[in-house]
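J.: Protein chains in written order, with the numbering used here: chain U, 1 to 252; chain P, 253 to 605.
Everything labelled a hint here was simulated from the structure, so no lab data went into it. All residues carry an ideal CB built from backbone N, CA and C; glycine is no exception. No false leads were slipped in.
Which stretches of chain U does chain P cover? Using the computed rule of at least three CB atoms under 8 angstroms from a CB of chain P, they are:
no.: 1; stretch: 41 to 48
no.: 2; stretch: 99 to 110
Derived Cβ-Cβ restraints for the label pairs, each shown as a range:
no.: 3; chain 1: P; residue 1: Glu295; chain 2: U; residue 2: Gly114; range: 22 to 28 angstroms
no.: 4; chain 1: P; residue 1: Asp385; chain 2: U; residue 2: Met104; range: 27 to 33 angstroms
no.: 5; chain 1: P; residue 1: Gly363; chain 2: U; residue 2: Met104; range: 21 to 27 angstroms
Straight-line alpha carbon distances no greater than 25 angstroms define the calculated DMTMM-like cross-link-like pairs of lysine to aspartate or glutamate that follow:
no.: 6; chain 1: P; residue 1: Lys481; chain 2: P; residue 2: Asp408
no.: 7; chain 1: U; residue 1: Lys45; chain 2: P; residue 2: Glu349
no.: 8; chain 1: U; residue 1: Lys244; chain 2: P; residue 2: Glu307
no.: 9; chain 1: U; residue 1: Lys45; chain 2: P; residue 2: Glu451
no.: 10; chain 1: U; residue 1: Lys45; chain 2: P; residue 2: Glu444
no.: 11; chain 1: U; residue 1: Lys143; chain 2: U; residue 2: Glu228
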Amino acid sequence: MQEIRVTNYPEVLVDRPTHYCPGCQHGIAHRLVAEALTDLGVVDKTIAVSSIGCSVFLYNYLNLDTVEAPHGRAPAVATGVKRARPDAVVFTYQGDGDLASIGMAEIMHCANRGERVTVIFVNNTVYGMTGGQMAPTTLVGQKTTTCPGGRCLEREGAPIRMSEIIASLGGTTYCERVAVNTVKNVLGAKKAIRKAFQYQLDGKGFSFVEVLATCPTNWRMTPVAANERVATEMIPYFPLGTFKDIAATEGA
Amino acid sequence: MSERVFLKGNEAIARAALAAGMRCYFGYPITPQNDIPELLSAELPKAGGEFVQAESEVAAANMLLGAAACGVRAMTTSSSPGISLMQEAISYMAGSELPGVIVNMNRGGPGLGDIGPSQGDYYQSTRGGGHGDYRTLVLAPGTVQEAYDLTMLAFDLAFHYRNPVIVLGDAILGQMKEPVTPHAPARTADPEAASWCLEGAVGRPGRIIKSLFLEDGALAGQNTRLAAKYQAMEAEIRAEQFLVEDAELVVVAYGSIGRIAKSTVRKLRNAGHRVGLVRPITLFPFPSAMLRALADQGKRFLTIEHNLGQMVDDVRLAIRTVADSAFHGHLPGNLPTPNDFEAPILAALGADH
Ligand SMILES: Cc1ncc(C[n+]2csc(CCOP(=O)(O)OP(=O)(O)O)c2C)c(N)n1
Ligand code: SF4
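The following block holds chain U by itself, in its conformation from the complex (with noise of 0.2 angstroms):
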């Protein structure tokens, strides 16, 4: 089979098959990042954090200074490199599991800060790596490795919204959740990603960007129907939307 390129992509993204799933929503995330980073023309004073999960390997196909953290560490890691540099462009990369299980103490007190860095928390409601156990985010009634049965409400509690908490914390300037389930969903996240770098570089504090995305092998399903989950059970339990936007509550 020949392959034809059917598009143009941005330099900072590397010419390299990924290790993801087939449907895997993180390559689309990776590369609305790259766009961002290169729209803003940003790139060169850019250092990733990349976080524990399946996207450890972010430093594989984006083209960046980065460095790993321990699961769950990356805001704290973050922290220290935005300290070092505090005009590099510094942003993690994390799924639900990392961000909002482990690290749950990390982004909270990394957003209430206000450290001036940016957080990708990409929500597939399970964690792939590890083989499909019950992440934080795992939907009521949703089937896991750890919760045969589906998530109970009154065993495993109620799946956290983290863009909503995050968006209640003081440091936190811009705070939205988006998906990438269709196209017009796709471009508004890319907005919103673009966004949340254009709050750092202006130096307004901390800005966050949720995005829903599918994990097909540990959800069991073909990448379509896990692409259609996205809409059908996700996004009304997490709404999309902006939560917070210092800069629109300012009026500026």
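Mind docking chain P with the ligands on chain U? Use the hints.
T.: Then chain P with the ligands, alone, in the frame of chain U:
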């Protein structure tokens, strides 16, 4: 810079870090080291640096990791329970070959223990402490001046070896006040860091700082490199010898206990007993060859520690016999005096003395 000042051990550490060109400090309050962050919160911003009170020691150590990845001089300080929480990041720093200074003002444990002095963290400091196959350089000051000097040295060594360096003091050293002669450091910056640190990939391929090595043989290669580095650290071995030449018995003790034991040794010498002292200053790498040479001269050994016996393992490994090596452990909860060590030393010398 040569005027003598009267400083607490904790203050000396903070001042040495400032003089050494530290750019970032991350910490979380814990007794008995709070004077360090308190002093730095005021002084570091004035010197153009960044002070962050982290939400936990877990976060503080990971902030240190992030700053170290940028090639700047950075430090965190804590005490035993806090150091346990830092072990995750310290392991990652060792695996990623990142330089950083970690000060542990050792208090009593296990668990919440007490806030008094202890040497219970010797194993944790010298055996890696976190997961995986790694080592950290460990410097153990015995005086406030040494706390100043070794903290300053810790930054140089961290960058020279691209490895975390632990300064292991205790509650006695942190709270004790002594005259110190501040001095200029050998260097305050590490220009060679420019070849590996993160700064934004300006016109070159991105640099990756990581501890994940999944490809076939990659981790073996990394760990072989690390092993060579730990071997090379032998060049840094430091220890004080006191009246050992004609000694029958060599007391081995480090840090505050080493200093107290030195007073006992001096007193017993004046009373005619042939006793000397070795005070290891680097705990990793350990001055094994020095002890071995003394063992070869037929000397016997008594290790004194403020714990149930940890460094004594290293002493026994060094002299390769347990028969001639006694141990005395001082239990936590009080401050030993030179008198407390007299009986154990005399017992080790032999009942007829
Ligand atoms: C301290 C620690 N605990 C557990 C793990 C194992 N682990 C690796 S990836 C992962 C889950 C990641 O899930 P998520 O953040 O949702 O990312 P995804 O793989 O779905 O992209 C876990 C638990 C680890 N690496 N470190
Ligand atoms: S396991 Fe899930 S998150 Fe991981 S690559 Fe596959 S689809 Fe993506």
